[in-house]
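**Q** Could you put the whole structure together from the sequences, leaning on the hints where they help?
The listed protein sequences derive, respectively, from chains L and F.
Residue numbers for the first sequence follow my numbering, so the first one is 1 and each next one is one higher.
Residue numbers for the second sequence follow my numbering, so the first one is 1001 and each next one is one higher.
None of these hints come from the bench; they were simulated from the model.
Honestly, I wouldn't trust all of these hints.
[To be verified] Ranges between beta-carbon positions, derived for each pair:
1) N153(L) <-> F1128(F): 36 to 44 Å
2) E87(L) <-> F1134(F): 39 to 47 Å
3) T74(L) <-> G1132(F): 37 to 45 Å
4) S223(L) <-> F1128(F): 28 to 36 Å
5) W1109(F) <-> G48(L): 37 to 45 Å
6) F1128(F) <-> R128(L): 50 to 58 Å
7) F1134(F) <-> S223(L): 26 to 34 Å
8) K266(L) <-> W1109(F): 12 to 20 Å
9) G254(L) <-> F1134(F): 15 to 23 Å
10) C1014(F) <-> N189(L): 37 to 45 Å
[Said to hold, decoys possible] Chain F side only, calculated, beta carbon under 7 Å to chain L, not exhaustive:
11) L1019
12) L1028
13) I1087
Glycine included, every Cβ here is placed at the ideal spot set by N, Cα and C.
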Amino acid sequence: MKSRIGQKSIAGIAPSIFVGGGSGSVVFIILASLILVFSLIKPQALSGFRVVATDVVTPVLSFFVTPFQNMAETVSSVSGIAALRAENAQLKTENVRLKEWYQTALMLQAENQSLQELLNLKVNPAHRYITSRVISDTDNAFIKTVLIASGSNDSIKKNQAVLAGEGLIGRIIEVGKKSSRILLMTDINSRIPIVIEGSRQKAILAGTNSDFLQIKHVPHDSSFTEGERVVTSGDGGVFPSGLPVGRIIKGKDGNFYVKAYADINKISYVRVIDAPETDRLIRGDLHVLSQ
Amino acid sequence: MDSDFSFNIVAKYCFSYVLILFLFFLGLTSFSLPFMNDVTPYFVLIIIYYWAIYRPNIMPTIFVFVLGIVFDLVLNYPLGIHAILFIAASLLIKRQRLFFLGQSYIIVWIGFAFSCLATLIVEYLFFFLLSGTFSSLRSLFGSLIITILFFPLVTLLFSFINRILPDTSQKII
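**A** If you want it as structure tokens, here you go:
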């Protein structure tokens, strides 16, 4: 005797509220709206949940990103062969010149050390770097963050500065066990204390969701020179001082902006600075400071 | 033999979900290719659109909700925004599926282009309201165009899956 086999769709098994149709969709839209309102009012409340979720998803994303990064490296190496010979000749010439400067640098270093000993000056300890791979990139029109495949298991901590290529790209904002999220300095929520090397003018560098970063909180009579170098000032204790950020350029609107040294649109690997905390900061309650 | 038949159906459905999740996570990945740094194809929109028309039981509301939540979690969007967008898009497309089922592929593709554009515009307006500033349109339209261009390739894979999946109206007695 043949048994009756009815092919049941998911609709026949699960309650209809989960499946579809108007009422089910409306319920989930309302639920998603409540979650959205909550995440906008209290974004930090969901931060732990987000970190756990990215930790779970990180191995999957690492699996997907590897072939694309290998492909990108292959494309760059093939297209780079044509320029390698010219670069090689240029580098040989530069090497000779740099060897001369190296001897001068050694002499200046010895002189500097002896002068510091005389002044009993404390200098910043050498930084340690943690290199990590980018696995997910939300470099779109609205959000500028990247996920890297390193977390607290690799000594990554919140607010550590991150470099790529030739300069700073942002800071760590979320840390999981196996993954971390970097807020890029081009993000509209990013603020970095900087100093303009030529004039020693301090300012705040603000992201604009574009490649041109805004210089904020400067006196009205401040003047800038195109090409001036911009580095981190170290104010606030988040970013170590002296990290290369970018250079000043003049925008089409006549205003001055900063263009990052690092090519933020082409990041595959990053270096996270594992700097010790500065001893100039003290931890305490706010009410103590107000007394 | 009946158990083999059931196992065969389950295996086919599992394969379809594996492919859907494969494309979903591919859309979350950093491509690192020279011309695709700030332009990302929205594979998830293709997934939702195709299955809402051709096999809605593959894409129940709860699954779309979870896809939206995971999308927001991984890409650091405000949690819930894409769940709302994806469910709304899925609901609207399911309401029009009878129309699309009777149409040629080109019409379906054009329909996808418009629904993708509408979804991205709503997303863009949401972020405008959130930040108070207009974001880059180049990235937005770049993603839109590349998503529309990827549509035939992705639906080719899906149509193969759709053909091997059993007809949901069929009953064996």
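**Q** All hints, please: hold or fail.
**A** Do the hints match the structure? See the list:
Restraint check, N153(L) to F1128(F): a C-beta distance of roughly 39 Å satisfies the suggested window 36 to 44 Å. Remark: the range hint 39 to 47 Å for E87(L) to F1134(F) is upheld by a beta-carbon distance near 40 Å. Roughly 43 Å separates the CB atoms of T74(L) and G1132(F), a value that falls within the hinted 37 to 45 Å. The hinted window of 28 to 36 Å between S223(L) and F1128(F) holds, with their beta carbons roughly 33 Å apart.
The given range of 37 to 45 Å is respected by W1109(F) and G48(L), whose C-beta atoms sit roughly 42 Å from each other. The beta-carbon spacing between F1128(F) and R128(L), approximately 41 Å, falls outside the hinted interval of 50 to 58 Å. At about 29 Å, the CB distance of F1134(F) to S223(L) agrees with the hint of 26 to 34 Å. Between K266(L) and W1109(F) the Cβ separation comes to about 32 Å, which falls outside the hinted range of 12 to 20 Å.
Taking the beta carbon of each, G254(L) and F1134(F) are about 20 Å apart, inside 15 to 23 Å as hinted. Between C1014(F) and N189(L) the C-beta distance comes to about 41 Å, which sits within the given range of 37 to 45 Å. Among the interface hints, the one on L1019(F) is violated; its C-beta lies about 14 Å from the nearest C-beta in chain L, farther than the 7 Å criterion. For L1028(F), the interface hint holds, since its Cβ comes within 7 Å of a Cβ in chain L; the closest pair sits about 5 Å apart.
Using the Cβ-Cβ criterion of 7 Å, the hint placing I1087(F) at the interface with chain L is satisfied: the shortest such distance is roughly 5 Å.
Hint violations for this structure: numbers 6, 8 and 11, all remaining hints satisfied.
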